[in-house]
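Starting from the known structure of chain W, fit chain X onto it as the hints suggest.
Residue numbers (this note's numbering), protein chains in the order written: chain W, 1 to 560; chain X, 1 to 560.
Treat the hints with care, since some could be wrong.
One copy or two, it doesn't matter: identical chains are merged, so the pair holds either way.
As a list, the in silico PhoX-like pairs of lysine-lysine whose alpha-carbon atoms are at most 25 Å apart [claimed, not checked]:
| id | residue 1 | residue 2 |
| --- | --- | --- |
| 1 | LYS381 | LYS407 |
| 2 | LYS113 | LYS545 |
| 3 | LYS545 | LYS460 |
| 4 | LYS407 | LYS221 |
| 5 | LYS519 | LYS545 |
| 6 | LYS541 | LYS519 |
| 7 | LYS3 | LYS187 |
It should be emphasised that the hints constitute simulated quantities derived from the structure, not laboratory data.
Number of protein chains: 2
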Amino acid sequence: MTKPAPDDELVFLPLGGSGEIGMNLNAYGYGPPDARQWIVVDIGVTFGREDATPGIDLILPDPSYLEEVRDNILGIVLTHAHEDHIGALGWLWPRLKAPCYATPFTAALIREKLREHGLLEKVPLTEIPLKGKLTLGPFDIDFVTLTHSIPEPNGLAIRTPLGLIWHTGDWKIDPDPLIGETTDVAKLQAMAEEGILAMVCDSTNVFVEGSTGSESDVRKKLTEVIAQCTGRVAVTAFASNVARVETALHAARAAGRTPCLVGRSMHRIYHAAKSVGLLQNSPPVIDEEDAGSLPDEKVLFLCTGSQGEARAALSRIARGDHRNVSLRQGDTVIFSSRVIPGNEAAIHALYEAFLGRGVELITADDHHIHVSGHPARDELKQMYQWARPRIAIPVHGEMRHIREHVKLAQALQVPETIAPNNGDMIRLAPGPVALIDEVPAGRLYVDGSVIIETEDDAIKDRRRLAAEGAVNIALAVGAKNVILAGPNVSVRGLTMPDEDDLELALEELERTAEAAFAKLSHADRGDDDAIEGAVMRSVRKAAEKLWRKRPLVDVSVLRL
Amino acid sequence: MTKPAPDDELVFLPLGGSGEIGMNLNAYGYGPPDARQWIVVDIGVTFGREDATPGIDLILPDPSYLEEVRDNILGIVLTHAHEDHIGALGWLWPRLKAPCYATPFTAALIREKLREHGLLEKVPLTEIPLKGKLTLGPFDIDFVTLTHSIPEPNGLAIRTPLGLIWHTGDWKIDPDPLIGETTDVAKLQAMAEEGILAMVCDSTNVFVEGSTGSESDVRKKLTEVIAQCTGRVAVTAFASNVARVETALHAARAAGRTPCLVGRSMHRIYHAAKSVGLLQNSPPVIDEEDAGSLPDEKVLFLCTGSQGEARAALSRIARGDHRNVSLRQGDTVIFSSRVIPGNEAAIHALYEAFLGRGVELITADDHHIHVSGHPARDELKQMYQWARPRIAIPVHGEMRHIREHVKLAQALQVPETIAPNNGDMIRLAPGPVALIDEVPAGRLYVDGSVIIETEDDAIKDRRRLAAEGAVNIALAVGAKNVILAGPNVSVRGLTMPDEDDLELALEELERTAEAAFAKLSHADRGDDDAIEGAVMRSVRKAAEKLWRKRPLVDVSVLRL
Numbered sequence: 001m002t003k004p005a006p007d008d009e010l011v012f013l014p015l016g017g018s019g020e021i022g023m024n025l026n027a028y029g030y031g032p033p034d035a036r037q038w039i040v041v042d043i044g045v046t047f048g049r050e051d052a053t054p055g056i057d058l059i060l061p062d063p064s065y066l067e068e069v070r071d072n073i074l075g076i077v078l079t080h081a082h083e084d085h086i087g088a089l090g091w092l093w094p095r096l097k098a099p100c101y102a103t104p105f106t107a108a109l110i111r112e113k114l115r116e117h118g119l120l121e122k123v124p125l126t127e128i129p130l131k132g133k134l135t136l137g138p139f140d141i142d143f144v145t146l147t148h149s150i151p152e153p154n155g156l157a158i159r160t161p162l163g164l165i166w167h168t169g170d171w172k173i174d175p176d177p178l179i180g181e182t183t184d185v186a187k188l189q190a191m192a193e194e195g196i197l198a199m200v201c202d203s204t205n206v207f208v209e210g211s212t213g214s215e216s217d218v219r220k221k222l223t224e225v226i227a228q229c230t231g232r233v234a235v236t237a238f239a240s241n242v243a244r245v246e247t248a249l250h251a252a253r254a255a256g257r258t259p260c261l262v263g264r265s266m267h268r269i270y271h272a273a274k275s276v277g278l279l280q281n282s283p284p285v286i287d288e289e290d291a292g293s294l295p296d297e298k299v300l301f302l303c304t305g306s307q308g309e310a311r312a313a314l315s316r317i318a319r320g321d322h323r324n325v326s327l328r329q330g331d332t333v334i335f336s337s338r339v340i341p342g343n344e345a346a347i348h349a350l351y352e353a354f355l356g357r358g359v360e361l362i363t364a365d366d367h368h369i370h371v372s373g374h375p376a377r378d379e380l381k382q383m384y385q386w387a388r389p390r391i392a393i394p395v396h397g398e399m400r401h402i403r404e405h406v407k408l409a410q411a412l413q414v415p416e417t418i419a420p421n422n423g424d425m426i427r428l429a430p431g432p433v434a435l436i437d438e439v440p441a442g443r444l445y446v447d448g449s450v451i452i453e454t455e456d457d458a459i460k461d462r463r464r465l466a467a468e469g470a471v472n473i474a475l476a477v478g479a480k481n482v483i484l485a486g487p488n489v490s491v492r493g494l495t496m497p498d499e500d501d502l503e504l505a506l507e508e509l510e511r512t513a514e515a516a517f518a519k520l521s522h523a524d525r526g527d528d529d530a531i532e533g534a535v536m537r538s539v540r541k542a543a544e545k546l547w548r549k550r551p552l553v554d555v556s557v558l559r560l
Numbered sequence: 001m002t003k004p005a006p007d008d009e010l011v012f013l014p015l016g017g018s019g020e021i022g023m024n025l026n027a028y029g030y031g032p033p034d035a036r037q038w039i040v041v042d043i044g045v046t047f048g049r050e051d052a053t054p055g056i057d058l059i060l061p062d063p064s065y066l067e068e069v070r071d072n073i074l075g076i077v078l079t080h081a082h083e084d085h086i087g088a089l090g091w092l093w094p095r096l097k098a099p100c101y102a103t104p105f106t107a108a109l110i111r112e113k114l115r116e117h118g119l120l121e122k123v124p125l126t127e128i129p130l131k132g133k134l135t136l137g138p139f140d141i142d143f144v145t146l147t148h149s150i151p152e153p154n155g156l157a158i159r160t161p162l163g164l165i166w167h168t169g170d171w172k173i174d175p176d177p178l179i180g181e182t183t184d185v186a187k188l189q190a191m192a193e194e195g196i197l198a199m200v201c202d203s204t205n206v207f208v209e210g211s212t213g214s215e216s217d218v219r220k221k222l223t224e225v226i227a228q229c230t231g232r233v234a235v236t237a238f239a240s241n242v243a244r245v246e247t248a249l250h251a252a253r254a255a256g257r258t259p260c261l262v263g264r265s266m267h268r269i270y271h272a273a274k275s276v277g278l279l280q281n282s283p284p285v286i287d288e289e290d291a292g293s294l295p296d297e298k299v300l301f302l303c304t305g306s307q308g309e310a311r312a313a314l315s316r317i318a319r320g321d322h323r324n325v326s327l328r329q330g331d332t333v334i335f336s337s338r339v340i341p342g343n344e345a346a347i348h349a350l351y352e353a354f355l356g357r358g359v360e361l362i363t364a365d366d367h368h369i370h371v372s373g374h375p376a377r378d379e380l381k382q383m384y385q386w387a388r389p390r391i392a393i394p395v396h397g398e399m400r401h402i403r404e405h406v407k408l409a410q411a412l413q414v415p416e417t418i419a420p421n422n423g424d425m426i427r428l429a430p431g432p433v434a435l436i437d438e439v440p441a442g443r444l445y446v447d448g449s450v451i452i453e454t455e456d457d458a459i460k461d462r463r464r465l466a467a468e469g470a471v472n473i474a475l476a477v478g479a480k481n482v483i484l485a486g487p488n489v490s491v492r493g494l495t496m497p498d499e500d501d502l503e504l505a506l507e508e509l510e511r512t513a514e515a516a517f518a519k520l521s522h523a524d525r526g527d528d529d530a531i532e533g534a535v536m537r538s539v540r541k542a543a544e545k546l547w548r549k550r551p552l553v554d555v556s557v558l559r560l
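Isolated chain W, as found in the complex:
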């Protein structure tokens, strides 16, 4: 490896995932401050919640800083295939246009995303084998095998002339992950011998004592639980946890049930897994359409929707409006999943809907049928013992997780620690770790087909429409500045306990609009903006009296 030039610096720049769980976007820069070369590690999404962000399915990290330096981005390296690590690639690649690198399973899912965005032919995507290597300018990268809740979780050993960074990505220590190898401890120990300058590490479960537990424990328990079920059985789990999917398929076979995949992402991941040689010993699955012909005791549905997502398979089944799958008294739904914070209300509503149908529920609350993919405290301690970094940089967490992780690292006597926020430019070398700059960071919304800012007026208006409703007014004004027709008034999202009251309210708003026009000077009547402003203000005031609400008022003046 070349020696560093006197001006060279090594910097870390988190742009997503530090201050929130989800939506990871990290960058490493090397070189003199005015000519840094960059690699990007992961580029994920977070999901909008129907209630909190209506109309917004996806939330992206704001890549504007990287866009500015895009000519110096050497590559985008994806650690694993979870949506919070690869989900933004299709949306944001056109702004960055750098070549992409990933291991085979991750690459298979990325290709699918790129195909949806019409980018498959445009994006240079290189497959790196497990435990493979990659050199991008001053960055020598080793892919290090870890365990997580998806196939092919990789940490990155990033060697630079100024030191070795250990970027963990998402991980846990699963002694028996069922799919893939166990944690490459020998490699970690060798890296520690070499000397790790900085470890950039997952903080998700820093508040969880002990260890996470193994997928193999879940296999044992889930197989038992399913064997004891009568009636139909539906299991819900994250599709991307292929080991868990395999567990469900094996448990179905053991219980004499034919498995049936339900939900788009279940099929998507199943096929991606097959394409890279996974799930070879699993029983064949049956189509939804054909599952109806099986006796209740002979079928197991493996469904998407463990988080209560309204449009996912499980919610449809709970509502009784799934095309091919129905559950009733005597059937069982098994949640082999956790409750992601923020989804509690939706998931509880799902529970209640199934209970209302007389369906039995089995959850991880009282059965050991789920384990997390992220390291609990004992695993974090083990990782620090293996890696012995000079600097600890917790990422992948809300601020409270990151702060707690810093405290843990300090307790473990890591010499230097820093709690990063998205947008913090952190110098790792030379000299002690330091915050040297802050760059723009934030979120973008995918709103239908367009990407918009979170504080776009459109979003503010929608929020207001949701709470306060709308009043729409149209009036035609003639050349002599008199009203020739209207004002027509309609309301949306506003009502009265009965029709007559509503009628009276609309009449009152009409009178208010007329009066506002009548009060204008002759000059103002010739000015559409003046008319719209005056009518808007008067009508809003009247609406406030009628409903104790402040609706959006839209006034349209038609000139004749």
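Positioned in the frame of chain W, the structure of chain X alone reads:
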């Protein structure tokens, strides 16, 4: 007590709180099926969540069945002053018009509510002393002192010619509740001797093992924690937990800090408590406006907003826009509260906002500074041992709580159990417990100043506006059925990445509207509904292409 007539039945009818936590409304009926006399027990609200039900602050139980029988309602008995037990009185009393009964502290808070609704002079409200009695037709009611998280929690022993009902209300077993007496065990044992036909019982914490713990433990711990704080301290807790408020006041004094109440309901409850003789030994509180002059180490703010409510004191402080209170690096916020399911996201956002300001957080996650007001399993078992009812009827819970509570009662060998849903008319006697009818039950929304149905079109429209936005179109059509002005098109909640794109989109919608008009037959052009329908459909389709969204389209035709 008179003997029952041959036709007499005793029925229980939950109309709120069975199938949800919050919004309690229960009724007991006695007499022949065609001439039952009723008492109503509690009439509470639940709170709308800004994200789930925008514009809706309060949710009420639908009282329409009780409205039908209101001439036979003998009284409304309120067990305690929590909003989920009394909060709907001001809104729904005009539909029921029955006299009300409550103990002094509850009555003080009810009077305030009635005053706000202009009902203070209209509602007959009788104060019943603690451990007092009340006879309403065939119902002889004893108020039984329990412990909970508010002063004066009462269970009701409801004696009828067909048996004794033990309606627990909300309770726990607090051996040292700090305010009020301990659970009246002697009374419970005497009732058991007499024979309890049915126990209608709180299910909130049926999934919680062990016992809840005492307010006095919290006092000890919170006093310790506050003594160790440096800088400013803010404590948040439910204002209605007067024992907790007293704890904060005493702990402030012990730490040499002057307490300051922040938030409307904190003041409201403080004064109600004072008015019934509570909080007599607490230190005086200082006004918000004057707290700024105290050194940081000499003040303790007692704040509303533990659930992350956007408009409450704590959220304002976190955002840095509270008029009188600010917190910064070195200050501490203490959450002496729990996370109510559904509020996780809002509360975590609040945590993050404080951490972002460098404020330390202390929560019940790692310090014993909160206890629940509801019975955990060991307390439920104790209650069943005391009461030994013939029938167990779990209420005050989601279906999963109620089902689990039924299982618990069965395990405790209660002879009969039933899991009620809101609207289930349950016969308690004569004969075995039975579901004999189902009546309308549900929710109503308080929307600004009006009460509306949850599935009102206004609500559906608002939900759609929130996700999809709106397109408003106005056009003026002359006597000859040609467009004289417009179409004017405006959008709300829809945007494009740049101004020019948005301009082009609006032009496209205008052309679409014109084309839709042009395609109409001459007859249809004379029909405003036909024009509106055709334009609406075409514009919606065009909008879907432009944005992949289905906005609400409002078309206004002005006739000249």
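Hints versus structure:
no.	hint	verdict
1	LYS381 with LYS407	within (12 Å within a copy, 42 Å between copies)
2	LYS113 with LYS545	between (51 Å within a copy, 21 Å between copies)
3	LYS545 with LYS460	both (23 Å within a copy, 23 Å between copies)
4	LYS407 with LYS221	between (35 Å within a copy, 23 Å between copies)
5	LYS519 with LYS545	within (20 Å within a copy, 42 Å between copies)
6	LYS541 with LYS519	within (16 Å within a copy, 40 Å between copies)
7	LYS3 with LYS187	within (24 Å within a copy, 85 Å between copies)
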